[in-house]
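These protein sequence lines are chains A and B, in that order. Quick note on the numbering used here: the first sequence kicks off at 58 and runs consecutively. Quick note on the numbering used here: the second sequence kicks off at 58 and runs consecutively.
The reader is advised that the hints may include incorrect statements.
Any copy will do: because identical chains look the same in the list, a pair fits if it lies in one copy or spans two.
[Unchecked claim] Within a straight-line C-alpha distance of at most 27 Å, the following computed DSS-like cross-link-like pairs (lysine-lysine) qualify:
1) K270 <-> K241
2) K182 <-> K205
3) K142 <-> K270
4) K142 <-> K334
5) K199 <-> K314
6) K161 <-> K60
7) K142 <-> K328
8) K209 <-> K82
9) K300 <-> K161
10) K182 <-> K161
11) K226 <-> K238
No lab work stands behind these hints, which were simulated from the structure alone.
This is what each chain is made of:
Number of protein chains: 2
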Amino acid sequence: MPKLEEFQKWVKNNDLDIAYVSDFKNIEYFTGFSSDPIERVLGLFVFPNHEPFIFAPALEVEVIKEIGWPYPVYGYLDHEKPYDKIAQLIKEINPNPTKWGIEKDNLTIERFDQIKNHFSNVEVKSNLTDEINRLRLIKTPKEIEELKEAGKEADFALETAYNAVKVGKTEAEVAAELEYKLKKSGVMEMSFDTLIQAGAHAANPHGATDMNKIENNELVLFDLGTVHNGYISDVSRTIAVGKLNEKQQDIFDTCLKAQLKAQAAVKPGVKASEIDKIARDVIENAGYGEYFIHRAGHGMGLGEHEFPSIMEGNDLVLEEGMCFSIEPGIYIPDVAGVRIEDCVHVTQDGCEPFTNTTKELRYAKD
Amino acid sequence: MPKLEEFQKWVKNNDLDIAYVSDFKNIEYFTGFSSDPIERVLGLFVFPNHEPFIFAPALEVEVIKEIGWPYPVYGYLDHEKPYDKIAQLIKEINPNPTKWGIEKDNLTIERFDQIKNHFSNVEVKSNLTDEINRLRLIKTPKEIEELKEAGKEADFALETAYNAVKVGKTEAEVAAELEYKLKKSGVMEMSFDTLIQAGAHAANPHGATDMNKIENNELVLFDLGTVHNGYISDVSRTIAVGKLNEKQQDIFDTCLKAQLKAQAAVKPGVKASEIDKIARDVIENAGYGEYFIHRAGHGMGLGEHEFPSIMEGNDLVLEEGMCFSIEPGIYIPDVAGVRIEDCVHVTQDGCEPFTNTTKELRYAKD
C-alpha cells in the first residue's frame, strides 16, 4: 500500500502522535476499501511508529479482510459505542496521544467531542484534509489508467444515449434505456444521477432528469459518468433534435468555442484560474456572461468533486498528473441550456481527455 | 411552513440568538427544497424574532424561489467565500449573536471554525441535531401519506424484479430491467442502490449487485426502495429459485418468523430495544444468532437512516407516527443470505406496513 506508506511517513515527519482519517473516500484512497458508512463510524488510524488499523461497522469487517487489508481491522455492532472502542484501541498503542491530525473538513463537532472526552490535551496539529487533498491532487499512472477506462465507458454511454433520443420520449425513458444497456454490459455504477434535460428544462444546471418530453427543434443536454474500480468518468454533451434556431445555434457555438479554447490552454505551469478565465471570456464576449453561473471545472478521480477547482481566485499552478473537468455552460431561463465537458489529465506539455466522443454539434437520428 | 414555524418557536423558547441548520436533509424537512450541495455550502438560518433565510450555491437560487420559499434566499458563486457572505447577512440581522444552535452531528470543524472567525463569543447552546431528530421522529399524516405512496412503488418494483429473475441471468441484469421499468413508469429515483444478491453472494449484507449469475436451487435477496416527493420506501424480500435444501429452507423460515413476530409486537408503549430483542431471540433460539450482525431496524422518512434505531440499548418508547424498518437477516458465509423487511408506521394500537408484497416464500417462475 504505497500511498498509505507515504502518508505514514508524512505523519512521522510532521511529528503527529496519531492521524484519524474519517472521510470514507480518503479511506478508499489509502486502503482500496470502498464504502459509505452513512451514519455509522468508519475510521483509519495511522501512527508514526506502529501499524495502522481500520475501525468499521461489524458487517464490513469480512469485506475489508477479503480485499487484502494487511493490518488489523476492528468492528463494532450497532448497539455498541464506537468511540469507547476506538479510544481503547488507540490507548493500547499510545496511552495519551496529544498531537492529532484530523480532517477538519470532514469530522463533525460531535465526533471530535467524543475523541476529546476520551483523551486529555488533544491538540489539532494538522488538518489532514489539506494534506490528503494534496496527495490526491496528482494522479499516479495507475490511477490515470483507471480513469481512462471509466472514460471509455462514458463514451459508450453517450453513444447509447444518443441512439435512444427520439421526439416524444421522456428524458427519463432515455436515461432508463441508457442505464439498462450499461448494466447489462457490466457497468454497474453511475458516478452520479444521469442527467438528461431537453429544451428549456436544461436551463436549470442543477435540475434532474424527469418526465419532460423531448420535442422537435431543441437542444438536449447529457451529463453522465460511470465508476470503474472506484474511479469515475464525467462527461457532458449537448446535441440537436431537429433544426436549431439562430439563438440555439449561437449558444451552442459559443459554449463549444469556450470549451475548446480552455482545454487547448491546459498545460503544466498555467494557473487553474486562467483556464476558467479563458472559457469565461469567450462566453462574456459573446454576451452570455450572466448565464455562465458556475466554475469552469472541478478536479476528479475517486470522486467527482476533488481538486483542483478550475475557478476564479484559484491560483494553483497546474502540474502533470492533475485531473479535472472543463465544462463551460450557458443556461438561458425559458430558452435552453448548453454544457460541453471533457475531463482531462495534464500531460508533460498539454492535456489529454478521458472521453473522445466528438464535441461538434450532432443531430439525433430520427 | 408549519414545521419551520414550530422550529422558530423552539429557537425563541430556548433563548437562542441564531440556529444554523447545515444538514441538507433537515433543510429539506423544513423548506421542501431538496438538494445535496456536496462540498458547496447550503444553510438555513433561523432567528427568534426575524424571518429566516437560506444561503445556497448561486445555481440553486432560482430553484428555491420557484418552489415557493417565501423568505429571502442568497446565493454565492464558486469563487466567492461563502462564510464571509453568511457572516455579513447575519450581522445585518444581529450584529453579534452569541447563543448558537448548530447541528453538532453534521457541521464540520472547519466550517464551525469559519463561523467562530467571524463572531466573537460564540457559545454552542444547543445541538440542533437532537432537536430536529426529535421533530422528525413523529411523522405527520401528510408524511405518512407520502411514505405510503413510496411503499406502493416499492411493491411494484418487487413484482417487476421477481418477474425478471431467471436462472443464468446476472443480478445486474435483473436490477437493470427493474430500474428501466420503474423509470419508464415515472419513478425517477431509487432511495439507494438496488441490491440483488443470489446464493452465497447474499451472505454479505453490505455487498453490491454484481455480475454474479443466478443459479438454480438458491435464494435470491432483494433490497430496494424508491423516492416519492422526497419520502422513501425500503423493502427486502428473499425468494427461491428452484428447490431449496433443508438449510436454506430453515434460515428462510427462521428469518420470516423473526420478522413477523417483531412486527406483530410493534405498538405505542413498547421500547425500540424490545422489538430488536424479539427478532433476535427467534434467530438465536434457532441457532443462527452469530449470523444476525446488524440491528433489527432503522427509522426512515426523508432518508433511510433516521430515528428511531431499533436496536439493543435503545430504550426509546414507541409512539404513534414513528416510522421504521423491521429487517432481521441471517447471513451464513459461503452458504446463503436471507433478509425480510417491511417499513411500518406505528398506529394507535399496533402498526401498519408501507409495503404489502407477501413475505411468505415465493418461487421464481421459470
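Taking the hints in turn, this is what the structure says about them:
1. K270 <-> K241: both (25 Å within a copy, 12 Å between copies)
2. K182 <-> K205: neither (37 Å within a copy, 50 Å between copies)
3. K142 <-> K270: Answer is neither; intra-copy 54 Å and inter-copy 39 Å both fail.
4. K142 <-> K334: Between copies, since 23 Å is at most 27 Å while 50 Å is not.
5. K199 <-> K314: For K199 and K314, neither the intra-copy (32 Å) nor the inter-copy (50 Å) Cα distance is at most 27 Å.
6. K161 <-> K60: Intra 21 Å, inter 32 Å, cutoff 27 Å: intra-copy only.
7. K142 <-> K328: between (46 Å within a copy, 26 Å between copies)
8. K209 <-> K82: Result: close within a single copy only, 23 Å intra versus 34 Å inter.
9. K300 <-> K161: So K300 and K161 fail the 27 Å test inside a copy (51 Å) and across (54 Å) alike.
10. K182 <-> K161: Both, since 11 Å and 21 Å are each at most 27 Å.
11. K226 <-> K238: Classified as both: same-chain Cα gap 17 Å, cross-chain 14 Å, threshold 27 Å.
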